[in-house]
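Enquirer: Given the sequences, and given the hints that come with them, work out the whole structure.
4 protein chains.
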Amino acid sequence: MADLHFREEKVFKDPVHDYIYVKDPFVWSLINTRAFQRLRRIRQMGTSFLVFHGAEHSRFTHSLGTYEIMRQVLSHFSRNHNWPQDERMVRLALASALLHDIGHGPFSHAFEGVFKTHHETWTRRILMEDREIHGILSQIDTDFPSDLLSVISKGQKFPLLERLIASEMDVDRMDYLLRDALHTGVTYGRFELERLIRIMRPFGHDIVIKQSGMHTVEQYLLARYFMYTQVYLHSTTIGSDVLLGKILSRARDLFQEGQLKYCPKELVPFFEKPESEITVEEFLQLDDTVMHYAFSCWREEEDLSLRDLAARFRDRRLLSSVACRHPLDVDTLLEIQHAFDDAGIPSDSYLSYKAISTGGYLYKQGIKYVGDDGRLRDVCEASKLIHSLVPEVYHRFYYPKDLVEANHDRHTLVELLHKLQR
Amino acid sequence: MADLHFREEKVFKDPVHDYIYVKDPFVWSLINTRAFQRLRRIRQMGTSFLVFHGAEHSRFTHSLGTYEIMRQVLSHFSRNHNWPQDERMVRLALASALLHDIGHGPFSHAFEGVFKTHHETWTRRILMEDREIHGILSQIDTDFPSDLLSVISKGQKFPLLERLIASEMDVDRMDYLLRDALHTGVTYGRFELERLIRIMRPFGHDIVIKQSGMHTVEQYLLARYFMYTQVYLHSTTIGSDVLLGKILSRARDLFQEGQLKYCPKELVPFFEKPESEITVEEFLQLDDTVMHYAFSCWREEEDLSLRDLAARFRDRRLLSSVACRHPLDVDTLLEIQHAFDDAGIPSDSYLSYKAISTGGYLYKQGIKYVGDDGRLRDVCEASKLIHSLVPEVYHRFYYPKDLVEANHDRHTLVELLHKLQR
Amino acid sequence: MADLHFREEKVFKDPVHDYIYVKDPFVWSLINTRAFQRLRRIRQMGTSFLVFHGAEHSRFTHSLGTYEIMRQVLSHFSRNHNWPQDERMVRLALASALLHDIGHGPFSHAFEGVFKTHHETWTRRILMEDREIHGILSQIDTDFPSDLLSVISKGQKFPLLERLIASEMDVDRMDYLLRDALHTGVTYGRFELERLIRIMRPFGHDIVIKQSGMHTVEQYLLARYFMYTQVYLHSTTIGSDVLLGKILSRARDLFQEGQLKYCPKELVPFFEKPESEITVEEFLQLDDTVMHYAFSCWREEEDLSLRDLAARFRDRRLLSSVACRHPLDVDTLLEIQHAFDDAGIPSDSYLSYKAISTGGYLYKQGIKYVGDDGRLRDVCEASKLIHSLVPEVYHRFYYPKDLVEANHDRHTLVELLHKLQR
Amino acid sequence: MADLHFREEKVFKDPVHDYIYVKDPFVWSLINTRAFQRLRRIRQMGTSFLVFHGAEHSRFTHSLGTYEIMRQVLSHFSRNHNWPQDERMVRLALASALLHDIGHGPFSHAFEGVFKTHHETWTRRILMEDREIHGILSQIDTDFPSDLLSVISKGQKFPLLERLIASEMDVDRMDYLLRDALHTGVTYGRFELERLIRIMRPFGHDIVIKQSGMHTVEQYLLARYFMYTQVYLHSTTIGSDVLLGKILSRARDLFQEGQLKYCPKELVPFFEKPESEITVEEFLQLDDTVMHYAFSCWREEEDLSLRDLAARFRDRRLLSSVACRHPLDVDTLLEIQHAFDDAGIPSDSYLSYKAISTGGYLYKQGIKYVGDDGRLRDVCEASKLIHSLVPEVYHRFYYPKDLVEANHDRHTLVELLHKLQR
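Residue numbers (the working numbering), protein chains in the order written: chain A, 1 to 422; chain B, 1001 to 1422; chain C, 2001 to 2422; chain D, 3001 to 3422.
Hints in this document: simulated from the structure, not taken from any laboratory. Hints are not guaranteed to be accurate.
Label pairs and their in silico Cβ distance ranges [said to hold, decoys possible]:
(1) C:Lys2157 x A:His408: 33 to 43 angstroms
(2) C:Glu2194 x A:Gln37: 35 to 45 angstroms
(3) A:Leu376 x D:Gly3135: 40 to 50 angstroms
According to the in silico footprint, chain B covers these stretches of chain A (three or more CB under 8 angstroms from chain B) [stated by the list, open to error]:
(4) 5 to 18
(5) 292 to 299
Cβ atoms here follow ideal geometry from the backbone N, Cα and C, with glycine treated the same way.
Expert: Quick look at the structure:
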C-alpha cells in the first residue's frame, strides 16, 4: 500500500451528504470489489417500496453514506478530541463502516427466517474467505482482517469503534434514518446530523454526549421512533414480508418434494444445504434480481398456492390484516386455521399472525451523558421524553381479503376475523 | 364507472412532490394493473446508477410524478383559464401522463438499439391489447383507448393534451428533471415548478407562456441543459450503455449460432423473432431483473468475450474512453480495429465510437410566448440565453483500458489512442 | 365589494410556502393598509436575533404565512368535508388569520411587562377604531368587524374558526414553527404541514384529528417542544428580554423624574399615560425602529445605568446567568441584591431572577381524536410521548458578569452566585 | 494574541451554511466589536423587502456567511493545493471576508447617491481609525491593519486574497446569492457551492478553475444572472430606491433652507458636512433604524412633498413605472417634466428616468480555466452560455400613478406616458 492518499480527493455525488469523499486508495479498492458492487442489487429497505414507492435505494448507497458519516466523525474527533491518533485505527473505522452490511443478502428479514441463514455469519466469511476483499484487507497487515471482524462482530477489542459502528447512536443508523427519510419522502427521520456529531465525544471506552446536547439526542431518538412506527413497521410492509416468507417456504417445500418446476440455480444451494455448507461464492450470487426472477418463474408453477403467491408479490396484490385487540391464544388460532382450510384457502400458504414490537431500539442500555459532576448517566434519566419511548407490542392477523370475499363461506370467515378485533 | 370520485383523496407519499393525490377510482385502477406495477422493476435512468449511485429510482415513481404534475396543471388551468371543461378530457390527460412510459422495457436505449424494438409500438399495443389496461380504459367509453393512444402518439386530435404530455415544456420532462436531480444529488435539475405552472396557459391549440415568465422558462431550459450535459450524457454512462449493447449483441449472435448456454426464457422471443411477432404477454415479462439475471448467467458462459463483458457490467469495470479532437474517418477507425483485433482484443466486442449530441432538446421549434402586441413568438427570439443553447456534438472512442495495459502490444495501441486526441 | 375575486390569483413569493395566493380583493386591501404594513418593522422573534442571527424576519411575513395556511386548510376542508359553505365564513377565517397579530407592538414581551399594555386590547381597538382597517371590514357588512373580533378574541360565536386560529393546533403556530425554524437554521421546528392539514377535520364545534394521524400530531407537538426548549426559551434570549425590560423601566423612571434627556416622541404617550388613554394613532407609531432609535439616544444619557444598559443591548454585551438548583427564597434574593448594591452594581438595573416555564403549551386541554368507537378522546390518552410533555420550570439568575469581574468585591459576589447553583 | 485557537470550535447556527465555525479568538473579537454588531441593523438587500417580503436579513448574517465560505475555501486549498502556508495569511483572508462590508451604511445605493459618500472610504477609515477594530487588528502586528486594507481595496499586494474576496468568482458573491435566494424564496440563486469550491485552485497570482468544472461555473454565473434580472434589478425595487433618493434629497434641501422641522441628530452631519469632515463615530451612528425613524418623523413635516414621499415609503405606496421603448431624449424628458409641474405634481419630487443595466457582472475580464495544454483561457471562450450573458440596458420612467389618476389633467399625462412606451 504505497500511497497513503490520493493527491486529490475522489468524490461520489450523494443525495444525502452532497459529496462522499475518498482520499485513501485502500477505501477505493474496497468499493471496487465484486462483493461490494453486488450491494447495488440489494435494496436497503427490502419490501418497503411496496408501501413507500420511493424506497428503491440500495445497500450500496447506504454503505457509502455510513462510511462518509464515520469519516466526518473521525475528522471532528481528531480536530477536537485528539483521537484517533494512528492511521490504522482510522482505516479500521472506515472499513468497518463501509463493510458493515457486506453479509446481507436480498430481503434479509424474510429470507433469513425461511433459510436459517445469518448475515453476521456471511459478513465474517466474506471478510475472511472472499479472496478479493480479504486480499485488500491483508495488505494493511496480516491481523487487519481479523481486527476488522472484531470491530464489526463486537469482539470488545476496539470498544470505541464498536460503539461508533453499532450502538444506540451509531453511524449506521444515522445514515439510514436520513437516507430512508429522503427516499420515502417523510420528514420524520431528519435530525441535526452535524450537531449530533459535534456533541459526541470519546470518553474512556464509550462514546458519550455532553449534557447541553440532550435535546439533539432526543431529536435523534425521536427520528428513530417515528421511522420505526411510521415506516419500517408499517403494517403493509410487514404483510409484504409475510407474503415473501410464504413464497419462499412454499417453494422450498415443493423443491424438497421434487415438485418445483422452475428454480434459478442460484437458489438451489439454499434449498439443498444447511448454511454451513454453502460457499461464499454461492452466497455472493444472490441478490434482489435473482429473487424477482424466481418470483417471475414461479407465477407459472403448477402448484396453485405458489403461483398465486408469486403473482401477488409481482403485481402488488398484498395480504390484508386486522389489528387484534389481544394476543391470540392457540385455540383461537387453530379455529381460524381450520375454518380457512375448510373453506379451501390453505392456512399454511395464506395466514399469518404477527406480534410486532416497536422495541428494537432499547436505548435504555444506551446513550450516556457527562453530567455537571463529571459522572456518566443514561440519557433517559435526564429526559422524560426519552423515558417515554418504551417498546410496545402490536398484534396483527394477515389474510387474503380477496379470497375471503370471493369465498362461499365468506360470512363465517368474516365473522371470525371480526372476533379478533374485539 | 359508478363513482366519479373517492370520498376522501387517496395519497402516495413522494420524495419530489410530497404527496401525490388520487381522487378518481379510474386512475387508481390503472395504477393497480400488472403492466403498471411492472414499472417498479425498470429503472428510470437506465445505467446512470453506475455513475450517480443514487439513480436507482424506477419508472413507476416517475410515472406517478408525471401524473401529479398533470393534475396540478389541470387544476391551475381550470381555476384560472377555464379549461378543460369536461371530465373526459381530464381523464384523458391524467391517463396519458400516467401511462406515457408504459411501453418502456429495461435499459430502453441499448435494448432497442440491439433488438430493433420501439417503446412507442409497445405503448400502443399495451393500450389496445393488454386485457387489463384496455378493459379499464374501455369502461369510460369505447373510443377512450384509441383517443388516449392518439394523445400519446401525437395523433393531432387533442393538440393541447399532446403539448402537455410531450413538447418542449411538458409534464414528463418537468417530473424527470426534478426527480433525477433529487436522486443523483445534483442541484442542476431544479427549477421553479409552481411558477412554471403559473405562467403556462392554453392559447388556441398551443400551450404558451406569458412574457413576464420568460426567466422562468430560461431557468427550466437551463435545468434541462445542465442535466443533459452533466448527467444524462455523462461519458461514463454512455460507456455503460455501450457495454450493455455489446453484451446483448454478443449474446444474440451466440444464441443464433446455437452457442449460448444459458438464456432466461423471457429473452428468447427477442432473440428469435422480429418485434411484430412478439406478444404483449411476452413483452411484459421483461424487466431489469431479467436482464441482471441474464448477465449473472452469462458470466459463466464459455464464450470468453461474453463472460468478460457480463462480468464487467456486474462488477462495474467499465470501458474507458478518449475524447476525439475531430470526427474520425473510416480509415482511422479501420486502422484501430485492426490493431486491436491483431492484439487479440476483439474490436467487435470491445470498441465503440460514439457521436454524442447534446441536441436532443431542439427547443427552437418550441415554446411560444404572448408578446405585448398579442402575437405569438418563439422564446428564443426574446432570450439570448435560450438562443445560445444550440446542439453540440462530441465524439468519444470507447475501449477496455485494462486489456490494453495488460497487452503485449500496448505501446502501439496507446499511441493510436493518443492520435485520436490530437 | 363588487368583485368577489381577481381574474388571476395574485401571489407573494415566500421562503416557507413558496407562494402565498390571494384571490380575494378584500384580502388584498387589508394587506395594503398602513397598520398591516407597519408589521414589516416589527420582528417576529423579538430579541432572538441576538442568539440566532438569522431570526430577523418580521410579523408581516408571519401574518401572510398564517393567512396562507388558513387558506390551504379551508380549501382542504371544503374539498373533503363540505365546510365552510359560505363566502362570509371564508372571509372571516382569512381575515382573522391575516390580522391576528395586528395589535402587537415592538418586543411585545418586555414592552407589555413594563408599560402594562396588552396586544389583545390593541387588536380590538385597531379592528374597531382604525379608520382604514375598520372601513375595509365594514364593506363586507356592518357586523363583520365585531364578528371578526369575536373570532380573534374567542367570543364563542364561531367556535370552529376560533379553534383554527388559536388552539393547540392552529394555523398561527403552524406558520411560526416552520418560519422560525427556517430562519434560525434549526430543523427542530419542521413537521409535515401537508399531512397535518389532511388529518384535521371539523367535528361539531371542534377541530379534531383522525386516529391514524396520531404520529403526525406527535411530530407537530414535538416540533413545538423543541422550538420552545431550544429556541424560544434559550437562556440568552430571555436574558436579552430581561435587559430590554431593565432599559425601559429605567428610562420610564427617569422620564417620570424629569431626568430623561432624550426621548423619541413616539414613546412619550407610554411614559405619560395609562394604556386606556393612548390613541390608536399613537400606538401605530410604535415599531422596532423607534425602540432601536431610543436605545441609540439613551447610550448618551447622563444616567450611568441607562447609558450602560442601552450600550449593552446595541453592542450585544448581554447579561450572563446561572441556573439555580432550587427556586430562590426571598432571603437569598435580598442577600444578593444587597451584596450587589453594596458593591456599586445597582440591583434594580442589573439583576433579575426568572422562573422559566416550558409549560406555555398545555396541550392536555387540547387536541382530540376520533376513536374507532366514534368517541372523542384527548391525544395524550393514546400517546405516551405526548403524555410525557409536561411543563417544567427552570430558574435562572441574571447578572452582569463583566461588572462582577471588574469589581473589587468580586470574590464575595462570585461566591454568592456559586451558592445559587448548589 | 496568546491562544491561537479555542480548545473547542465555537459555532453560529446559520440558515444557509448550517453552522459557521470559529476557532480563532481573533475572529471572535472582531465579531464582538460595536462596528460589526451594528451590521445587524442594516439590511443586506436594502429596499428589496418591499417586493420580496422575506428579504429582511442583515449585513451581519451575510458577513458571517462570507467568512464561513472563505474558511471552507482555505481549508480545501490547504488540503489539496498546499496554500496558504502561514497563519497570518489565513487571518488576513478571514478578516477580509468578515469585514468587507464594514463600511456600508443604511440603503447604501440611494444614500451614497444623495450624500456623495462611499462605502470604500468608510471601510478604510473604520479599519484604520476605529479604536476597537484597529486595536484588535494591530494585536497581530503593526502592519496587519494596512495589509488588510490592501486586500480589501485591491492594493495588489496579496493578489490571491484579492481574487477570493472580490472578483468574478468571490466568496462575497457566493454567500449573498445563496442567502438572498433563501430569504426571497426563489430558487434562482442556488448553485453547487461545495463543487464550486472543489474546482477552484490557486494558479500563480490568480484563482482559476479546472476545465472539467466549466458547467459548475456556468451554473454559478447563471445564478447571478437570474438573481440580478429577477430580484436585484426588479423594477419595483428600483422604484423603491428612487423614492428613497427623492425623500433624502428633499429633506436635505429643506434642511439647507432651514425648513426641515424634524431631523434625527444622526443625520445632521450628512446634511451639513462633506464626507471628509464626518467622523467615524458619526458614521457608525447611522443604520436602518435611524432612517426609518427619520421617515416616520418626516411624514409630519409641513412640506407637502416630503410628507407624502415619506408616507409612501412607510405604507408601501410606491412609484409606478413604464418601460420605455427607446432611451428618452432631453426634449421628451423636459416635455414630461413641464407637463407634470404644470399639473401640480412637482417633477423634482416625483419623477425619475432610469437606465438599468444588467451589466454589473462583466465576467469577461473574469474567470480563467486551465486548458488541456496548460494555458489559461477565459471561460467565455469555452462556453456559449457564458458568452451569451452580455449586459443589457433597460429604460424605465417612474411616476406617481395615483396622483396622475386623481389629477384634472390626467388625460394629457396618460397620453404622454403612453408615448414613452411606443
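Enquirer: Each of the hints needs a verdict: does it hold here or not?
Expert: Hints, one by one, checked against the model:
1. C:Lys2157 x A:His408: 33 to 43 angstroms: Once the Cβ atoms are compared, 58 angstroms apart, the range 33 to 43 angstroms for His408 (chain A) and Lys2157 (chain C) is violated.
2. C:Glu2194 x A:Gln37: 35 to 45 angstroms: holds (38 angstroms)
3. A:Leu376 x D:Gly3135: 40 to 50 angstroms: holds (44 angstroms)
4. 5 to 18: holds (count 6)
5. 292 to 299: holds (count 3)
Of the numbered hints stated above, the single one contradicted by the structure is hint 1.
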